[in-house]
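J.: Spelled out, the chains give:
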Amino acid sequence: MWKFPEGKAAVLAAAIVLSSGTAASAQDDAGDAAAGEAVFRACAACHAVGEGATNRVGPQLNALFGRTAGGADDYAYSDALVEAGEGGMVWNHETLSTYIADPRGTVPGTKMAFGGIKDDQDMADLLAYLAGFSEGDAAPDDAEASADDEPESGDAAAEAAPAVETESNAAVPVDQRPGPGDHGNFGIGRPASEEEIAAWDIDVRPDGKGLPVGSGTVLDGEQVYFDQCATCHGDFGEGLGRWPVLAGGMGTLEDDRPEKTVGSFWPHVSTVYDYVRRTMPFGNARSLSDDEVYAVTAYVLYLNDIVRDEEFELSNENLADIELPNAGNFIADDRFEEDHYAEKDPCMSDCLDAPAEITMRAQVLDVTPDSGDEGSGGGAID
Amino acid sequence: MSDDDTMAARGRGRRGFLKSGLLGGAALAAGSLTARAEGDPAITEIKDWNRYPGEGVDARPYGTPSQFESEVVRRNVPWLTAESISSVNFTPLHELDGIITPNGLCFERHHAGIAEIDPAEHRLMINGMVDTPLVFTMADLMRFPRENRVYFLECAANSGMEWRGAQLNGCQFTHGMVHCVMYTGVPLKYLLEEAGIKSGAAWLLPEGADASAMTRSVPLDKGLEDCLVAFKMNGEALRPEQGYPLRLVVPGWEGNMWVKWLRRIEVGDKPWAQREETSKYTDLLKGGKTRMHTWEMEVKSVITSPSPQKPIVHGRGRTVIAGLAWSGLGAIDRVDVTIDGGMNWHTARLDGPSFPKALHRFYYEFDWDGSDLLLQSRAIDDQGYVQPTKQELRAARGPNSIYHNNGIQSWHVNAEGAVENVEVS
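Those sequence lines, one after another, are chains Y and E.
Taking the working numbering, the leading residue of the first sequence gets 1, the next gets one more, and so forth.
Taking the working numbering, the leading residue of the second sequence gets 383, the next gets one more, and so forth.
I should point out that these hints are in silico values taken from the structure, not numbers from a laboratory.
For each residue, glycine too, the CB sits at the ideal point set by N, CA and C.
Among the clues, some could well be false.
As the list claims (entries may be wrong) - Calculated lysine-lysine pairs in the DSBU-like style (CA-CA distance at most 35 Å, straight line): (1) LYS668(E) to LYS209(Y); (2) LYS668(E) to LYS652(E); (3) LYS671(E) to LYS614(E); (4) LYS111(Y) to LYS571(E); (5) LYS344(Y) to LYS604(E); (6) LYS344(Y) to LYS668(E); (7) LYS209(Y) to LYS671(E); (8) LYS580(E) to LYS668(E); (9) LYS209(Y) to LYS571(E); (10) LYS209(Y) to LYS662(E); (11) LYS118(Y) to LYS209(Y); (12) LYS571(E) to LYS652(E); (13) LYS571(E) to LYS429(E); (14) LYS580(E) to LYS604(E); (15) LYS662(E) to LYS652(E); (16) LYS580(E) to LYS662(E); (17) LYS209(Y) to LYS604(E); (18) LYS614(E) to LYS571(E); (19) LYS580(E) to LYS344(Y); (20) LYS344(Y) to LYS614(E); (21) LYS614(E) to LYS580(E); (22) LYS662(E) to LYS604(E); (23) LYS209(Y) to LYS580(E); (24) LYS429(E) to LYS209(Y); (25) LYS671(E) to LYS652(E); (26) LYS652(E) to LYS604(E); (27) LYS668(E) to LYS614(E).
Claimed, not checked - Looking from chain E toward chain Y, a few residues come up when the C-beta cut is under 7 Å (computed): (28) VAL459; (29) ARG657; (30) PRO693; (31) GLY697; (32) VAL768.
Using the sequences and the hints given, assemble the complete structure.
T.: And the structure:
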């Protein structure tokens, strides 16, 4: 696991050595690298850090402190970030906290599509975590004093938060514990409160049941989409690299290589709303407001020519009324009526007219991992 | 180390020595006649492990496999997905035997990486069309009656890359999205009854706590019939990648429905048409129609050895064909094996326990004359369904169905014993 004092030292040292005139403020932020590792999950969809880290959607983040903005090898940065680097922007505590909190506000035109970390403690923890992979760049001298200031703040925090224990009754004296509930056969469990149900029950059905009150226009959605979705799904929903395609593919379902998108394949708009709200943007789920989800859903419909008016406003009132072109083409499971499942006694001897011949070999394609110079195969796992 | 320990270590060392001598001899058989004339050094030399004691009991508090088994791991096919967070890896079926998959080798499929959940902060909620919406802690769940059941779990996309033809060389990759373990859990029925199901209810929506918040519509009848809310696999806690601390077990049905990190089950009167039952896990047919709610995994089998990653290395003579068969509709009644591409079939020997909706192990032993082989296996389940050929499936569904490919697999073995994934006429 992570060794706390060094990480913190690195943050402070980096801040002092590398930022001009803003070092003092850094001293107030006690970052806990262990907690920062959890914060980094929001970044991990796009960035790798640590041993063997490579560039992914975003550049690798090793030896970040002291690195010039736009300075990772072999990564295709936006012009905006390269220019910022050429203008003298170097990554340190100060520059990182501003950029990560609001990438586009800090470097207009950067292609990092990320909502930003807003919580100060999260930011401090995150930077402490990242600093741990910048060790070589940090001056070791200031380590001791700062590490002693707040010994093991991480552990202290953990001790202060045993709240979860109460749920298992451990802290409640035996005679004050609730008896069996008057529900069910066993009286186990407790009633869920309305607030709790509302926090988790966000599913939406095709008939609109479950939609929250709200709305958003195509134009609002365009903004959300460019900020939060386009880095993976592409400006037109075409899907960058192997990220999923969201638009197009109309009329391709009977083709040799069908393209299944919201417009060409999906049966219901409710599914777009439900899915984006529960899990997109990938790497930062549940960060969009209900209205933003309406807006970006409207925009995905616009990309698919399902709606054509930029002023179109999608809301809980009209979402269930919009029909997608492929809705009528879904049928019930009738696999077991296929001919080959008809009752039969399988043949045991002399079953073929002529000896079996090989008609196709996997080696021709050679897409198996570890087989040498494998390429990419066809098909998908979905 | 006490004397007793030393004795035990020696005893074990000796047996290990004999055993490895046998293996070594087999591996050498083709090569070194001289070594044999002078005596096999695996026997005539005193080995380190025969002289020096090994590590004590504190060295491996959670045991790990022998260092010589380091190749027995899950593997990924990097070109399949954009990155490894929403991706899949495959069970090394070619290295395993029996019917139980070791926990660390069960294939993984995540949609937003592995959620690392503190069980003290995990809750299971039952809401929707129930008399009393309830919340259970993990401790609460331990107070319900438990059951132990062995089931296979197969991803609907297992063998999906093979719809258009032979593509991947290894049964790990062609068939490795399946595993089989013993689950310990609470029948879902008890939890639903605890909350009280309202009349008119017909569907369930299980939901995961991970960043994909996975959801699937499951018919209420299935939930009442045999679903489990499981917390143990093969006796120990679920692995994080398998949904620790709680997952839904939906016997015989496609793996995506076995929601991991299970945190909520909603009861309703209609299905929800979630992304994973519309955009994905629906089967596009030739002609443009798409089957939905294709839940059952059909009867299927595969020869795990020999297979491309497990060639025949011993030359001609006595040869063991080993394989797996399973059906989401019940138990396996029979497996037939052919070595000539389907001209003649031989009924294989089923061995080990036979549980419905679990993997079954089969063997066929024969004398190999060193000529080319075209190996196939064909399973028949206790509902009378016979595993179809890939040609039959393509004729019925076209090449873009992706899911539910249970067609008969063909391996070509050449005179050297090397094995390739092929299709035959």
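J.: Please write out, lowest number first, the hints stated earlier that are contradicted by the structure.
T.: 3, 4, 8, 13, 19, 20, 24, 27, 30 and 31
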